[in-house]
Amino acid sequence: MIVPAIATISMLMILFANAVILLNHPVKSVLSLIACFLCASILWLIFGAEYLALVLIFLYVGAVMTLFLFMVMMMNVDSYTPDEQFTTKFSVMILTLTILVPCAIYGLSQLSNPSMISTDIASVKLSSKNESFTLFSSVLYQDYFWVIQIVGLILAVPIVLAAGIVKQGANTHVKQQKSSEQLAVRSNQRLTLVDTKQVRKKSC
Amino acid sequence: MLRSIIILTSMMLVLTAFVGMIINRRNLIVMLLCVEMIFLSANINFVYFSRFHQHVHGQVMALMIIVVAAAESAVALALMVLMYRQYHTVDSSKLVNIRG
Amino acid sequence: MQLIKILTISSVCWPLAAGLLTGLFVKSHRLAHRLCVLGMLLSFLSIIWLCIQFMSGSQQAIVVDLMQWSSLPNLNAKIGLCFDAFAIMMCLMVSAVALLIHIYSIGYMQDDIGYVRFFSLISLFSFAMLFLIATNNLIGLFLGWESISLFSYFLIGFYYYKNRAAEANFKAFLINRFGDCAFCLGLALLIYHCKSTAYADVYANINLLANTSLNIFNNPVQLTTLIGCLFFIGAMSKSAQIPLHIWLPDSMEGPTPVSALLHAATMVTAGVYLLARFGSMIEFSAGLKLVITVIGATGALFLGMMALCEADIKRIIAFSTLSQLGYMMVAIGLGAYHIAIFHLIMHAFFKACLFMAAGSVIVGLHHEQNIFKMGGLWSSMPITGLCFFLSALSLSGIPPFSGFYSKDLILSVAQASTPASFLGYYVYDAILLGCLVTPLYIFRVYWTVFCGPENHQHGEVCESPWTIRFPMTILAILSIGAGALTLPFFVGPDALNIVPALPDTSAITRLNQFINKIVTGGLLIHALREPALAFSIGGVVLSWIIYKRKPQWTTRHQTWLAIPEYILRNQYGFDWVYNNIIVTFFSGCARTCQKVGEQYLINRTIENRVSQNIVIGAEKFSRVQTSYLNRYFAIMSVALAGLIGISLFYSGIL
Chain A
-8 MIVPAIATIS MLMILFANAV ILLNHPVKSV LSLIACFLCA SILWLIFGAE YLALVLIFLY
52 VGAVMTLFLF MVMMMNVDSY TPDEQFTTKF SVMILTLTIL VPCAIYGLSQ LSNPSMISTD
112 IASVKLSSKN ESFTLFSSVL YQDYFWVIQI VGLILAVPIV LAAGIVKQGA NTHVKQQKSS
172 EQLAVRSNQR LTLVDTKQVR KKSC
Chain B
419 MLRSIIILTS MMLVLTAFVG MIINRRNLIV MLLCVEMIFL SANINFVYFS RFHQHVHGQV
479 MALMIIVVAA AESAVALALM VLMYRQYHTV DSSKLVNIRG
Chain C
8 MQLIKILTIS SVCWPLAAGL LTGLFVKSHR LAHRLCVLGM LLSFLSIIWL CIQFMSGSQQ
68 AIVVDLMQWS SLPNLNAKIG LCFDAFAIMM CLMVSAVALL IHIYSIGYMQ DDIGYVRFFS
128 LISLFSFAML FLIATNNLIG LFLGWESISL FSYFLIGFYY YKNRAAEANF KAFLINRFGD
188 CAFCLGLALL IYHCKSTAYA DVYANINLLA NTSLNIFNNP VQLTTLIGCL FFIGAMSKSA
248 QIPLHIWLPD SMEGPTPVSA LLHAATMVTA GVYLLARFGS MIEFSAGLKL VITVIGATGA
308 LFLGMMALCE ADIKRIIAFS TLSQLGYMMV AIGLGAYHIA IFHLIMHAFF KACLFMAAGS
368 VIVGLHHEQN IFKMGGLWSS MPITGLCFFL SALSLSGIPP FSGFYSKDLI LSVAQASTPA
428 SFLGYYVYDA ILLGCLVTPL YIFRVYWTVF CGPENHQHGE VCESPWTIRF PMTILAILSI
488 GAGALTLPFF VGPDALNIVP ALPDTSAITR LNQFINKIVT GGLLIHALRE PALAFSIGGV
548 VLSWIIYKRK PQWTTRHQTW LAIPEYILRN QYGFDWVYNN IIVTFFSGCA RTCQKVGEQY
608 LINRTIENRV SQNIVIGAEK FSRVQTSYLN RYFAIMSVAL AGLIGISLFY SGIL
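Chains as they are written, first to last, in my numbering: chain A, -8 to 195; chain B, 419 to 518; chain C, 8 to 661.
Treat the hints as calculated values from the structure; they're not laboratory data.
Just so you know, not all the hints are guaranteed correct.
[Claimed, not checked] Okay, derived cross-link-like pairs now, DMTMM-like style, lysine to aspartate or glutamate, Cα gap no bigger than 25 Å in a straight line:
hint	chain 1	residue 1	chain 2	residue 2
1	C	627	C	572
2	C	380	C	470
3	C	380	C	72
4	C	524	C	537
5	C	557	C	461
6	B	512	C	626
7	A	188	B	509
8	C	380	C	119
9	C	178	C	153
10	A	19	B	509
11	B	512	A	41
12	C	602	C	614
13	A	158	B	509
14	C	557	C	319
15	C	380	C	467
16	C	12	C	91
17	C	169	C	501
18	A	188	B	490
[Unchecked claim] Listed next, the stretches of chain B that the computed footprint assigns to chain C, with coverage defined by at least 3 CB atoms under 8 Å from CB atoms of chain C:
hint	region
19	428 to 441
20	462 to 476
[What the hints assert, rightly or not] With the Cβ distance kept under 7 Å, some of the chain C side facing chain B (calculated, not the full set):
hint	residue
21	634
22	636
23	637
24	640
25	641
26	644
C-beta atoms are modelled at their ideal positions from N, C-alpha and C, and glycine is treated no differently.
Okay, chain A solo, but in the shape it has when bound (with noise of 0.2 Å):
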């Protein structure tokens, strides 16, 4: 029961995937992502992290991926289109996929040999939840306490300093075009141009 049920919700999860990458605007893909990483909670919650489950939909979908969406949104960005010289890297690419997949299938097919097998998948007998979820925060705040704080402070610092690259503000001695600027100028702004021969004749 449980087996079908994650082959479907995995077999989603690809399928948006590949959904961020083909369609043709960002705010699609961001949402695919977004999408993607619902399906991923999911498995997270059958697999018993349901704190981890809860943070990636509350800290990941609810912050970062909201942000990304207001990025998008605020650039304007226009649809990307795929590479002029799309043949070449696609050579590349079949190229890599080549040896990436054998890799994987090889790797698979090693997985289901028996003898690696140990105790299997206990996996599927989902313990009691309230069991998993103290024996987290447990491990967390006893054995990882330190480790948690370094890396809270890992988070914290580039979030200033990313503040602080944005409150800075761009360079302004780079020479650039404002097209902007250039629709917006009034006459007076701009260079007149005289004949000087009428204004020798008015002057005389």
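Take the given structure of chain A and dock chains B and C to it, following the hints.
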């Protein structure tokens, strides 16, 4: 069986992300999304095998990866905002100053 | 005990502190000279205090250990200071002369761009010299010896923008390198065989060294002889003895205070100091003593004669220094170490005074150094003229002056103890003739510069400021009276204690008894019976006749004077030999190396091809740098796949 499914899923995720990286020429945001996908596939493995070995430490590891990934995407987004201010685009093919 | 320790350290280290402070931080001229003079003054006062302590106490050497240099199992190396009678005497002289020259430099170096640099360097030099004298071990000796070379180098090349100065300091440095090389070898032998660096251990082991011999080309050589020879080569370069003397005349390119302090009073006497310090070792080898005597006597006569044909006032005094150093070497070679030191100290006073007077004239005439473009300065510069006159008399060895005592003692010793052979007669005759030559050249300068017709085009010449006059006067007074005052310290039964650890041989005892006898019998009465005094006075009179009374004499005899003049002007061809044999040989080697090694091998073969290929390769390789992120990523993923493949292959799965 279940194990095979999970490993295959995560592997497909990684491969999809790689392919996405390679075929996508322009959009930095999509590249960043692909990186997030790679992180996700690693996390799926961690969580599943922590369950498999009846060991909760894998989940701790996954938590840390999530935290680091969040930090990374924050910095990357900040850089992208800067780039957008400078060039009014997030097209990576515009960043060609170091071309040989 | 604590006070003594502080005193000994402060007597050496104040100039160091002042020099470093001035060199590193000070910008203003006034602060620079105040600091340096203060440092020197403090050092001088501490040495006087030490001297009083020493005289009033038990006259034991004051030894202070400062630090452990290294503590190897076979080598006891401590750094420390030791003030015995010898060191105190030398330090007193050095610090007094250095102090006076610091004051003199305030006037002489006025408005020079390198004013602060000059004071810093000269203070540091004073420190190095004091340290060289006061140290109680071989490592300290080495440090002091090398650092006086270094500061001499800096100070000769003080006007580094002048080509002649740069060449002169290069020459001085090279020749000193040669001597220092031998000196280092001697030090190494001494340390190796004594297993200690302290002087005390060296003196204790001297008999052992004398009994050890080393095979050189299958000839056993006594260690004392070998080390003595090496030290003598070192001393030859530093004290400008005959084949290695050529740097000293050229070093007059430095400022005059430098010539006075380094190249007359202190640095050039370091060689004499070294030989006297290890006199107990030289005493073992009669052959070496004879060599020292002969070289010294040759220098005393022939190098002095070069001054007769020189027109540059400073170079004349430099040649005179060479000749006087020869006298000191003769005294060393004859075993009269304390007489050598006596002459060294007297020489420091009157020679520094001569240089100062010359400097005063040079300043008064706006840096004119040719004596034939001076003349008639007595009326405008009476004090300078008087100082020059007095110190010239002292240099000539005219009785009441200090030079008389030391020089006459050397001559008496030479007469008494030179061997009755050809070389012995040669030595005595050479230094006797030197007595004639000395007044001849120095009074030639005096009559030409201060008397005679005015030849300069500088209009009104006025006397130098008090900063120049004051030290000059003090030194003139010292060159009058110092000899008579200090004579009791250098003769008498205790005089031999000045030279540390002198062996109690009969020859030395006999020599000392002889000196005592002539001094107690009245030195002047003794001198009147000897030819030396007559030669000196004769020299003064002769120079008066030739250069003052009948100046046309030299022009009249031009024809037959031309040959000796040619020889003397070319300085016996020493420079020619060095330039044409040694310099040519080495520069030929260098040029060949440059041609073969650098131009052909490196430039043409390696450098060109390598650089061309690098450029070509870089052009090709830079096309990889497309700056497309996805291409980079594609390359990365291929590499990743490759890595996975390799790891799978080596773990046996694939």
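Here's how the hints hold up against the structure:
| no. | hint | verdict |
| --- | --- | --- |
| 1 | 627/C - 572/C | violated (73 Å) |
| 2 | 380/C - 470/C | holds (18 Å) |
| 3 | 380/C - 72/C | violated (55 Å) |
| 4 | 524/C - 537/C | holds (15 Å) |
| 5 | 557/C - 461/C | holds (16 Å) |
| 6 | 512/B - 626/C | holds (23 Å) |
| 7 | 188/A - 509/B | violated (50 Å) |
| 8 | 380/C - 119/C | holds (24 Å) |
| 9 | 178/C - 153/C | holds (16 Å) |
| 10 | 19/A - 509/B | holds (17 Å) |
| 11 | 512/B - 41/A | violated (43 Å) |
| 12 | 602/C - 614/C | holds (15 Å) |
| 13 | 158/A - 509/B | holds (22 Å) |
| 14 | 557/C - 319/C | holds (22 Å) |
| 15 | 380/C - 467/C | holds (14 Å) |
| 16 | 12/C - 91/C | holds (14 Å) |
| 17 | 169/C - 501/C | violated (50 Å) |
| 18 | 188/A - 490/B | violated (66 Å) |
| 19 | 428 to 441 | holds (count 4) |
| 20 | 462 to 476 | violated (count 0) |
| 21 | 634 | holds (4 Å) |
| 22 | 636 | holds (5 Å) |
| 23 | 637 | holds (5 Å) |
| 24 | 640 | holds (5 Å) |
| 25 | 641 | holds (5 Å) |
| 26 | 644 | holds (5 Å) |
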